[in-house]
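J.: Each chain, letter by letter, is given below.
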Amino acid sequence: MRGHMWKRAEAVLLALALCLGLTGCGGSGDTVITIGVYAGSYWDTPNGDCYQILDHAIALFEADHPGVQVKYVSGIPTDAYSEWLAEQILKGTEPDLYFVLPEDFDLLVSSGALANLDERIAGDPEFDASLYYEPCLRSGQANGSQYALPHESVPTIMFVNKTLLEDNGIEMPDNDWTWDDFYDICARITDVDSRRFGVYDYTWLNALYSNGAALFSEDGRSCYLADEGVQQAVQFARRLNELNGGYTVSGRDFDMGRVAFRPFLYSEYRAYQPYPWRLKKYSAFQWDCISMPAGPSGSNVSELHTMMLGVNARTRHGELAWDLCKLLSMDESVQKELYAYSHGISPLPSIAEDGGLLAQLHQDVPEGGGFSPEVIHHIMSSAVVVPRFGAYSQAMIMAESAVQETAGGQAGQSRMLTAQREINVFLSKP
Amino acid sequence: MKNERELTCTAAVMFALNFSIILFYSLICLTTTFRLCGSLGAYDFLASVRQVPRYPWQMLVQSLSLYALLCVLSLFKSLRSPQRFALRMAVCVTEIALCAGIIFSLDFYYSGIALLVLADLVHYVQSSKMRLCFIIVLSLLFAFGRYEIVARPAGSIAFNAYLSYYNQTAQSWFTSLESFMVCLNILMFVLFMILLFTGQKDENTRIRRLNEQLNQANDQLRDYAVNMERMTEMRERNRLAREIHDTLGHTLTGIIMGADAGLALFDAAPEESKKRIQVVAQSARDGLTDVRRSIKALRPDALERSSLAEALEELVKNFCMTTSAKVAYSQEAGPLKLAADEEDTLYRAVQEGLTNAVRHGHAGQIDIRLTRKGDVVTVSIRDNGLGCAEPEEGFGLRHMRERLELLGGALTCGNLDKDAADGYTGFFITVDLPVRSRKEE
Numbered sequence: 001m002r003g004h005m006w007k008r009a010e011a012v013l014l015a016l017a018l019c020l021g022l023t024g025c026g027g028s029g030d031t032v033i034t035i036g037v038y039a040g041s042y043w044d045t046p047n048g049d050c051y052q053i054l055d056h057a058i059a060l061f062e063a064d065h066p067g068v069q070v071k072y073v074s075g076i077p078t079d080a081y082s083e084w085l086a087e088q089i090l091k092g093t094e095p096d097l098y099f100v101l102p103e104d105f106d107l108l109v110s111s112g113a114l115a116n117l118d119e120r121i122a123g124d125p126e127f128d129a130s131l132y133y134e135p136c137l138r139s140g141q142a143n144g145s146q147y148a149l150p151h152e153s154v155p156t157i158m159f160v161n162k163t164l165l166e167d168n169g170i171e172m173p174d175n176d177w178t179w180d181d182f183y184d185i186c187a188r189i190t191d192v193d194s195r196r197f198g199v200y201d202y203t204w205l206n207a208l209y210s211n212g213a214a215l216f217s218e219d220g221r222s223c224y225l226a227d228e229g230v231q232q233a234v235q236f237a238r239r240l241n242e243l244n245g246g247y248t249v250s251g252r253d254f255d256m257g258r259v260a261f262r263p264f265l266y267s268e269y270r271a272y273q274p275y276p277w278r279l280k281k282y283s284a285f286q287w288d289c290i291s292m293p294a295g296p297s298g299s300n301v302s303e304l305h306t307m308m309l310g311v312n313a314r315t316r317h318g319e320l321a322w323d324l325c326k327l328l329s330m331d332e333s334v335q336k337e338l339y340a341y342s343h344g345i346s347p348l349p350s351i352a353e354d355g356g357l358l359a360q361l362h363q364d365v366p367e368g369g370g371f372s373p374e375v376i377h378h379i380m381s382s383a384v385v386v387p388r389f390g391a392y393s394q395a396m397i398m399a400e401s402a403v404q405e406t407a408g409g410q411a412g413q414s415r416m417l418t419a420q421r422e423i424n425v426f427l428s429k430p
Numbered sequence: 001m002k003n004e005r006e007l008t009c010t011a012a013v014m015f016a017l018n019f020s021i022i023l024f025y026s027l028i029c030l031t032t033t034f035r036l037c038g039s040l041g042a043y044d045f046l047a048s049v050r051q052v053p054r055y056p057w058q059m060l061v062q063s064l065s066l067y068a069l070l071c072v073l074s075l076f077k078s079l080r081s082p083q084r085f086a087l088r089m090a091v092c093v094t095e096i097a098l099c100a101g102i103i104f105s106l107d108f109y110y111s112g113i114a115l116l117v118l119a120d121l122v123h124y125v126q127s128s129k130m131r132l133c134f135i136i137v138l139s140l141l142f143a144f145g146r147y148e149i150v151a152r153p154a155g156s157i158a159f160n161a162y163l164s165y166y167n168q169t170a171q172s173w174f175t176s177l178e179s180f181m182v183c184l185n186i187l188m189f190v191l192f193m194i195l196l197f198t199g200q201k202d203e204n205t206r207i208r209r210l211n212e213q214l215n216q217a218n219d220q221l222r223d224y225a226v227n228m229e230r231m232t233e234m235r236e237r238n239r240l241a242r243e244i245h246d247t248l249g250h251t252l253t254g255i256i257m258g259a260d261a262g263l264a265l266f267d268a269a270p271e272e273s274k275k276r277i278q279v280v281a282q283s284a285r286d287g288l289t290d291v292r293r294s295i296k297a298l299r300p301d302a303l304e305r306s307s308l309a310e311a312l313e314e315l316v317k318n319f320c321m322t323t324s325a326k327v328a329y330s331q332e333a334g335p336l337k338l339a340a341d342e343e344d345t346l347y348r349a350v351q352e353g354l355t356n357a358v359r360h361g362h363a364g365q366i367d368i369r370l371t372r373k374g375d376v377v378t379v380s381i382r383d384n385g386l387g388c389a390e391p392e393e394g395f396g397l398r399h400m401r402e403r404l405e406l407l408g409g410a411l412t413c414g415n416l417d418k419d420a421a422d423g424y425t426g427f428f429i430t431v432d433l434p435v436r437s438r439k440e441e
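Chains A and B, in that order, give the protein sequences. Numbering follows the working numbering, in which position 202 of the first sequence is assigned residue number 202; successive positions increment by one, without gaps. Numbering follows the working numbering, in which position 45 of the second sequence is assigned residue number 45; successive positions increment by one, without gaps.
Treat the hints as calculated values from the structure; they're not laboratory data. The structure displayed is predicted, hence computed values, not measured ones. Do not take every clue at face value.
[To be verified] Here are the computed lysine to aspartate or glutamate pairs in the EDC-like style, where the Cα-Cα straight-line distance is at most 20 Å: (1) A/K336 with A/D354; (2) A/K429 with B/D432; (3) B/K337 with B/D432; (4) A/K326 with A/D44; (5) A/K91 with B/D44; (6) A/K71 with A/D55.
Same shape as in the complex, but just chain B (with noise of 0.2 Å):
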C-alpha cells in the first residue's frame, strides 16, 4: 500500500503511547501503595476502599510482561506473516486475549489497548468477515472493559482511591495526563483508520485501472491472434507454393532434359539412352517421394536422411546426371551444423540456383562455393549461362528472397561480368545467411 509507511509510524507511535499509559497507571498504583505506607494513611485507605489490594507490583509486572508479549506477538505478525490461516487465526485471538489480559491485570482502569489491538487487526485481516468479528469483540472490550462497568475483580480498587492520596494540584495533574494520554490514543486511532482506509480507497481505483487496461490489452490480443492465424495461413499457403516450385520444378525440370538427351542419343547410342533414361525414371521416382514428403513433412527428403554436406553433394551428383551442365561445388564452410530450418533454406537456395542456371541460363559450367565467416554462412552460385536480361525475380527467386528473410538472411543476384576471365560470365546468386550458433553438444 502506498501509504505503508504513514501506518507504521502510526502504530509505532500507539505502541509506545500505550506502553507509557500502562506504565503511569501501574507506578502510580505502586508508587501511592508505598507512600502511603509510609505516612500512616494505610488503614484509612484500607477502610475508604474496604478492599485488598492486589499486590503492590503485581499490576507492574502482569501489564507490562502481557504487553510485551503483545507487542512481540504484533512484530511477528507483521515481519513473518504467516500462511497458515489456523495459525493467522491463532495469533489474532491471542492478541485478543492479551489485550483482555492487560485490561483486566491493569484493574480495568484502562481499556484503549483494545483500540491499539483493534488498529493492529484490522490492517492485518484481511477477510471482512473475521475483521466486522474482531471489530465487535474489540469494540465490546473497548466500550465496556471500564472500571466503571465492570463487575470489579477481587482486589481491584478504583484509580480515584489512589489519586485521593495526593493533593487537589497533584492529583489535577496526574488527571490530566491521564486524560491527555488517552485521547491522544484514541486520536492516533483514528489517524490510523483514516490512513487505512484512504490507502484501500486509492488501492482500490488503482486496481479498477489496472483492471481496464488488461481488458484492453486482452482485446488487442484477440486481434492479434485472429491476424496472426491469417497471417499464418497466408505464409503456409505460401510455403506450399515454394515447396510445389522446388521439388516438381526442379524434379520436372531434370525429367525433361534427361529424356531430351535420352532421345537424341536413342538412335545413335541406345544402350547410353537407356541409361539415361533409366536415371530419368529414378529421378522421376525421387521427385515423387520428394513431393510426398513435402506433402507430408514439407521437407527436402535429401535433408531427411542424412546432414546438409551430404545431401548437397547428392544434389549435385544427381543433377550432373540428369543435365548435362558440369557443377563445381566446393565446401569451405568447415562442419555444417545448423538448424532445420538454415539447412532447408541453404538445400533450397542451391536446388533453385542450381534449376534456374539450366532452365534459364541455359548454362553448362555452374560454380557453387559454400563459405563461412563466423556465423554467416554463405553460398554463392556462377555459372557461364545466358544471364537475364532483364532482372526481373521469378518466383523462385522471390520465394527464395521470402525463406532466407525470415531467418535475417540476404540475397543477392546479378548478371556477371561478360569479360570475365575465369570463364563463369552468366548470372550469380549469393546467399548471406547468419546461423543461429548452436552448442557443439
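Extracted from the complex, chain A is given alone in its bound form (with noise of 0.2 Å):
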C-alpha cells in the first residue's frame, strides 16, 4: 500500500517536472499573434504614418481571423530595432512575426530565428512565386531555402542635377544609358577651377553591380576580386574620380548643385520628389532620377535594398503568423498603400507597375519625368542583390582596402590576386 502511494508521489513529482520543463503555457481566450515593427522609416526617410500599412493589414487580418488579435509593440525607432529585435531572442519573447532588415537577414537565419517557409509554401496553394519580382523574392533566401517574404524594395538609382546639365547644354540622358554616356558627360561637366564636378559618391561597387559583376559567390565562400569584370568596374570608378584632378567631391557641392550626378535610393526620390517636401531639399535646382548606367557587360541594373517579413521559428502560432506574413507581402490591397505611405516599391509587379498609380505619384514631378512601368520593371526584375554574409563587412573592408591602394597596370592586378587569395582564405575559415 505504501509502495504504491510511493509510486504514486512519484508520477505526480515527475509530471510537475515535465510541467515546468515547457516552458510558456497557453493563454485563454483570444488567440493573440504579436508582429515585431520599427516605427519610421528604414530608407532614412520622413515618414508620418508609419503604422498605417500594418494597421490596415491587421484589421483585415482580424476580420478574416475571428478570434484572433494581432498586436504589437509601437514606438521602437529603426535604428533600435535590431537590438530590441535581438534582446527579445535572448528573452524567448521575440513576436510570432516581424520586420527583417536587410543587414539582419543572414544573421537571424544562421542563428535559426527564422523559420524555413519551404514547407508552407508548398503546401499553400495561395500562394505564387510568379507574383513577386524574383531579386525580391531572393532577398529573403538563404541556402536555397526561402526564410523571408518582401514587404517593400528600395533599388538605388541615379540622382540627376537637371539644372546643371541644361547650362551645360546637355540633354538628359535615358533610362538606357552606359557607361560611356555618362563618362562622357562628367567630363564635359567637370571644370575643377568653376567647382563644377560630374558624379559625387559613385563608387566601384555601384559600378560593379551595373556590369553584371558580383564581388562575392552567393554562399559568401569565395572572393571575385580579381575578375574582370570587377577589375572594369574598378578602373572605371578610378577613370571617373581622375576627372577630379585630385578634388574630393564633398556632399556640401552636392547640396550646393555644383554636381551633376549622385547615386541615390529611389526611396529619398520618393520622398522628396513629391510636393512640399521637394521644397525642403535641394530646391536650388531642377532634378529627377534615372536608372544606373550599364556597364559593357551589365545593363541598368543596381543593388536592391529589400525589407522583409520573417516568421519566428519559435512561434507556437506558425500557421497564423504565415497568413499574416503573406497578407502584408501579397495582398494586392495592402501593398497598395506603400504608394501612399512609404517610399519603397512594391515587390509585386502588379502594383509597382500600376500605371494609373505612378501617374498619380508623378503628377507633381514637373515636366513630365519619373519612372515608367517599363523602367520599374527593368530596375526590378534585374535588379542585384548582394549577399550579406556572416563576415561579409571584414570581407568588404578587406576588399576595399585593397582597392584603395592599388594603382591602376599590371603591379595593380598582381595585388588585387594577392588580396582575392588573402579574402578566399579569411572566407574559408569557418
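Relying on the hints, combine the two individually framed chains into one complex.
T.: Okay, here's the thing in C-alpha cells:
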C-alpha cells in the first residue's frame, strides 16, 4: 500500500517536473499573435504615419480570422530595432512574426531565429512565387530556402541635377544610358576651377553591379575581386575620379548644386520629389532620377534593398503568422498603400508597375519626368541582391582597402590577385 | 559496512555540490541574458554566437527539476531498497537517463553529474557485471558530455560566450569558482570511491575470518556428533541392562518366592498352594509381557495402560500377592500428571525399592509414601528388614540413581535407626524428583 502511494507521489512529481520543463503556458480567450515592427522609415526618409499599412493589414487579418488578435509594440525606432529584436530573442519573447531588416537577415537565418518557409510555401496553394519580382523574393532566400517574404524594396538609382545639365547644354540622358554616356557627360561638366563636377559618391561597387559582376559568391565562400568584370568597375570608378584632378567632391558640393550625378536610393527620390517635400531639400535646382548607367558587360541595374517579413522559428502560431506574413507581402490592397505611406517599391509587379498609381505619383514631377512601368520593370526584375553573409563586412573592408591601395596596370592586377587570395582564405575559415 | 556513515556524508556533500554547480551555470546564463538585454548588448551577443539561445528560464527549471527527480530517486533507492531485480534495474537506468538529461539541459557545460550518479550506482549495485556496465556508460557520459566535444544541440551557446560579457576580473572569478567546484566534485568522487573500496576490503577480510571460524566450528560439531553417537549407544546399552534387571529381576524374584510359598503349602493346603501357583503363573506371564514391552518400547506395561497412580497401586497389589510382605502404600502427592520419563523413573524406583526390601532385607513390612512439595515429588520407601551391612550400591540402586540424575533428581538411601518406634528399622530409599511443571490442559 505504501509502495503504491510512493509510486503515485513519484508520478505526480514527474508530471510536475514535465509541466515546469515545458516553458510557456497557453493563455485563454482570444489567440494573440504578435508582430515586431519598427517606427518610422527604414530608408531614412520622413514618414508621418508609419503604422498605417500595418494597422490596415491587421484590420483585414482580424476580420478574416475571428478570435485572433494581432498586437505589436509601437515606438521602437528603426536604429534600435535590431537590438530590440535581439533582446526579445535572448529573452525568448520574440514576436510570432517580425520585419527583417536587410542587414539582419543573415544573422537571423544563421542563428535559427527565422522559420524555414519552404514547407509552408509548398503546402499553400494561395502562394505564387511568380507574383513577385524574382530579386525581391531572392533577398529572403538563404541556403536555397525561403526564410522571409519581401514587404517593400528600394533599388539604387541615379540622381541627376537637371539644371546643371541644362546650363551646360547637355540633354537629360535616357534610362538605358551606358558608362560611356556617363563618362562623357562627366568629362564635359567637370571643371575643377569653377567647382563643377560630374559625380559624387559613385564607387566601384555601384559600377560593379551595373557591369553584371559580383564581388562574392552567393554562399559567401569565395571572392571574385580579380575577375575582369570587377576590374573593369574598379578602373571605371578610378577614371571618373581622375576627372576631378585630385579634388575630393563632398556632399556639400552636391547640395550646392555643383555636381551633376549622385547614386540615390529610390526611397529618397520618392520622399523628396513630391510637393511639399521637394522644397525642403535640393530646392536650388531642378532634379530627377534615372536608372544607373550600364557597364560594358552589364545593364542598367543596381543593388536592391528589401525589407522583409519573417516568421519566428519558435512561434506556436506558425499558421497564423504565415497568413499574416502573406497578407503583408502579397495582398494587393495592402501593397497599394506603400504608395501612400512608404517610400519603397512593392515587390509585386502588378502594384509596382500599375500605370494609374505611377501617374498619380508623378503628377507633382514637373515636365513629366519619373519612371515608366517599363523602367521600373527593368530595374526591379534585374536588380542585384548582394549576398550578406556573416563575414561580409570584414571581407568588404579587406576588398575596399585592396582597391584603395591599388594603382592601375600590371602591378595592380597582381595586387588584386593577392588580395583575392587573402580574402578567400579569410572566407574559408569556419 | 563499517564506514557507511562516511560514505553517506560524502554522497550528501556531492549532492549539495552538484546542486550548487547546476545553480551556478544556469544562474550565470539567466542573469547574463537579462544583463545583456539591459545594456544594449543583445545584438552583438547574438551576432557573436549566431545561435538563438533557448528560453532563458528553460535551463534553470529543466536542470533543477531533473536534478530534484534524481535526488528523490536516489533517496528512494537507499530508504526503501526495492527487492525486485527489474525494479532495481529500472531505478538505475532511470538515474542514468536523468543524468544524461541534466547534462543535456545544461547545454553540456558540465558533465560531472555523471560522477555523482556513478558513485551512487556503484555503491548500490552489487553485481560486478552490472557495475562494469554502468561504469562504462557513465564514464563515457562524463568524458564526452562536454560542450567542447559533442555535436552541439540546437540552442546551445558556449558558456564562455556568456562569461565574455563580464570584465576580466569578474570573468576570472567566475572561472575560478567554476573550476574549484568542478575539481571539488572530482575529489569528492575519488574520496567516495576510496572509502567504498577500502570498506569493501575490510568487509572481505572480516568475511574470510568469519568463514574460518565457521569451518572450525563445523569440525568441532562433527567430533561432537561422533562422541554423541558413542555416548547414546552407551546410554542405551545401560538402559537396556537396567530394563532387563528391573523387569526380569523383579518378576523372577516374585516367581521364586511365590513358587517357594506354593511348595511350602503344597502338602498342608493344596488349594491355597494352587492359588499361589496360579498367581505365580500370572506373574510370570505379566513379567513376560513386561519384558516384551521393555524390549519393544522400553516402557513399563502398567504405565502404558494406565496412569502412574493406578500403575503403582497395581504394582503394590501384585507385590503383596506374590510375596508375604505387607506393603503400606500412601499417595499424598495429589493428582500425578507427569511426563513419561518421570513416570517411568518413579515407577522403577518404587519397583526397585520393593524388590530390594524383600530380596536383600527379607523385610515383612514395607512403607511407601508419595509426597509432593512444590515441583518436587518425593518417594520414600522404608522397611523393617535387615538393612544393609555394607551400604554398597548394587546394580539396581546405581541405575536408579543414574536415571534420577538424568532428570535432575536425587537418591538417598541407607539403614534406618535400629530403635525406631514405628517398627521400620531396616533400609530406606528416598527419591526426590523435580518434575517439569506441565500446564493443566
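J.: For each hint, tell me whether it holds in the structure or not.
T.: Status of the hints after comparison with the structure:
| no. | hint | verdict |
| --- | --- | --- |
| 1 | A/K336 with A/D354 | holds (9 Å) |
| 2 | A/K429 with B/D432 | violated (112 Å) |
| 3 | B/K337 with B/D432 | holds (16 Å) |
| 4 | A/K326 with A/D44 | violated (25 Å) |
| 5 | A/K91 with B/D44 | holds (15 Å) |
| 6 | A/K71 with A/D55 | holds (10 Å) |
Checked against the numbered hints given earlier, this structure breaks hints 2 and 4; the rest are met.
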